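Residue numbers (my numbering), protein chains in the order written: chain A, 1 to 252; chain B, 1 to 224.
These are calculated hints, taken from the structure and not from any lab test. There's no promise every hint is true.
Dumping the calculated DSSO-like pairs for lysine-lysine here, alpha-carbon to alpha-carbon at most 27 Å [as the list claims (entries may be wrong)]: (1) B:Lys11 / A:Lys159; (2) A:Lys127 / B:Lys11; (3) A:Lys243 / A:Lys127; (4) A:Lys127 / A:Lys159; (5) A:Lys81 / A:Lys19; (6) A:Lys243 / A:Lys107.
None of these values were measured; they are calculated from a predicted model.
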Amino acid sequence: MIAAVLFSAACAPHATPQKLSIAAAADLQFALDDISRGFRQAHPELDVAVTYGSSGNFYSEIRNQAPFDVFLSADSEYPRKLAQEGYADARSMFTYGVGRIVVWAPKQSPLDLARLQIHALEADSVKHIAIANPQHAPYGRAAVAAMQSLGVYGRVESKLVLGENIAQTLQFVQSGAADVGIVALALALAPSTRAQGQYWEIPVDAYPEIEQAGVVLSHAKAAAAARAFCAYLQSAAARARLKEYGFYLPEK
Amino acid sequence: MDWQAIWLSVKLASATTVILLILGLPLAYWLTFSPRRWKFLVEALVALPLILPPTVLGFYILLAIGPRSPVGALYATLTGGLLPFSFPGLLIASVLYSLPFTIQPVAAAFAGVDRKLIEASWCLGVSRAATFRRVVVPLARAGIAAGAVLSFAHTMGEFGVVLMVGGNIAGVTRTVSISIYDQVQALNYAAAWQTSLFLLGFSFTVLALTYALQRRVWALWPAS
Chain A
1 MIAAVLFSAA CAPHATPQKL SIAAAADLQF ALDDISRGFR QAHPELDVAV
51 TYGSSGNFYS EIRNQAPFDV FLSADSEYPR KLAQEGYADA RSMFTYGVGR
101 IVVWAPKQSP LDLARLQIHA LEADSVKHIA IANPQHAPYG RAAVAAMQSL
151 GVYGRVESKL VLGENIAQTL QFVQSGAADV GIVALALALA PSTRAQGQYW
201 EIPVDAYPEI EQAGVVLSHA KAAAAARAFC AYLQSAAARA RLKEYGFYLP
251 EK
Chain B
1 MDWQAIWLSV KLASATTVIL LILGLPLAYW LTFSPRRWKF LVEALVALPL
51 ILPPTVLGFY ILLAIGPRSP VGALYATLTG GLLPFSFPGL LIASVLYSLP
101 FTIQPVAAAF AGVDRKLIEA SWCLGVSRAA TFRRVVVPLA RAGIAAGAVL
151 SFAHTMGEFG VVLMVGGNIA GVTRTVSISI YDQVQALNYA AAWQTSLFLL
201 GFSFTVLALT YALQRRVWAL WPAS
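Pulled out of the complex, with its shape left as it was, chain A reads as follows:
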């Protein structure tokens, strides 16, 4: 990598690539790696760096001038708040996808998710159910709402363990520490987890829509590049990739 950097610096001394920094929700990990590759090819003059994390964290960081240009949240509430408070450009706000949640268990688990569906959570063999923290993770709120509307919440509440974000929630189940979890479909479909697990998709009418929005930040250093990236995310090619990675697409 160092060699590649030195090489490109030597070849193009006059065109230092402009840096575009993106803060993205943890569920975008795999989809965005793929999509930003396409964007890089179209814009070789830009140096795109993506940081993944919890949306609530990014929200407080951005209010304290974290050096990002674009924020892709796991919900629409944080971007809306940032825009209201003047930290983001309200006109740039757009919905890039609608998240879906699934009940996930490792392949070798004795639970038959296809048959048990949501009732897998109530099985006697299930001691711990991992969900993202509903206090600040949009996927955690959706998981709680789904368990409530499907009528199992009261019986499984005492088995819940909370992941800091949706990726850690999945890790709890993968490690065997929790028996089953409610995670983002995007993570269940990720190349590294697809072969390891089985999942049952929770019907979308069981929980409030997880509308995921992006926004260009007011203090963006690369505002033009940021707008180009947001436009690219809404292109047909990017939308097709997002769909493959488990996001419903917003109506145009």
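Since the structure of chain A is provided, determine the placement of chain B on it from the hints.
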């Protein structure tokens, strides 16, 4: 303020300190006085938590105490329960994480005990165990107190490992540092302020008291 989390942290820190004193005193004694040449390997092992990030410890501990590991399976057959996301699981993690904070000051204090006094005791026919109890430990008490306080304070402030293995269950694994993190994440800054301020005051008081005792501001024990 999240009193439940504060109480849980105090309980965890106290239990960790007691276990570390029980395990740590003999281990520190062995590290100080053993003639074995390979004991540097044990020293390095004990000091590892000082160097390793909590993420590494947390990641491995979760796997090591999970139901698929030998430790987790043994615990399940013995108690019928599971270690991850439980208080005993958190206790194991805390003991490992704070181990060097007990061992190092205690071992240093043992090394500082005059060897002649120990040998005189042995020559007078006092057993090794009794010499340890009646000569070594009393002479090393300042170091032992320092180790206990450091372990207690370090466990009170533990965050990364708990975040990695705790699962954030109220009253079971939601310690005060996790509670503050949650409050910040939920943009509940007023509550975060209160709990943080409490923790700051508490930590300062504990440390100030310890140093005051060590400096003999109040004479609680006779001068040695």
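Hints versus structure:
no. : hint                : verdict
1   : B:Lys11 / A:Lys159  : 22 Å, holds
2   : A:Lys127 / B:Lys11  : 24 Å, holds
3   : A:Lys243 / A:Lys127 : 33 Å, violated
4   : A:Lys127 / A:Lys159 : 6 Å, holds
5   : A:Lys81 / A:Lys19   : 26 Å, holds
6   : A:Lys243 / A:Lys107 : 24 Å, holds
Checked against the numbered hints given earlier, this structure breaks only hint 3.
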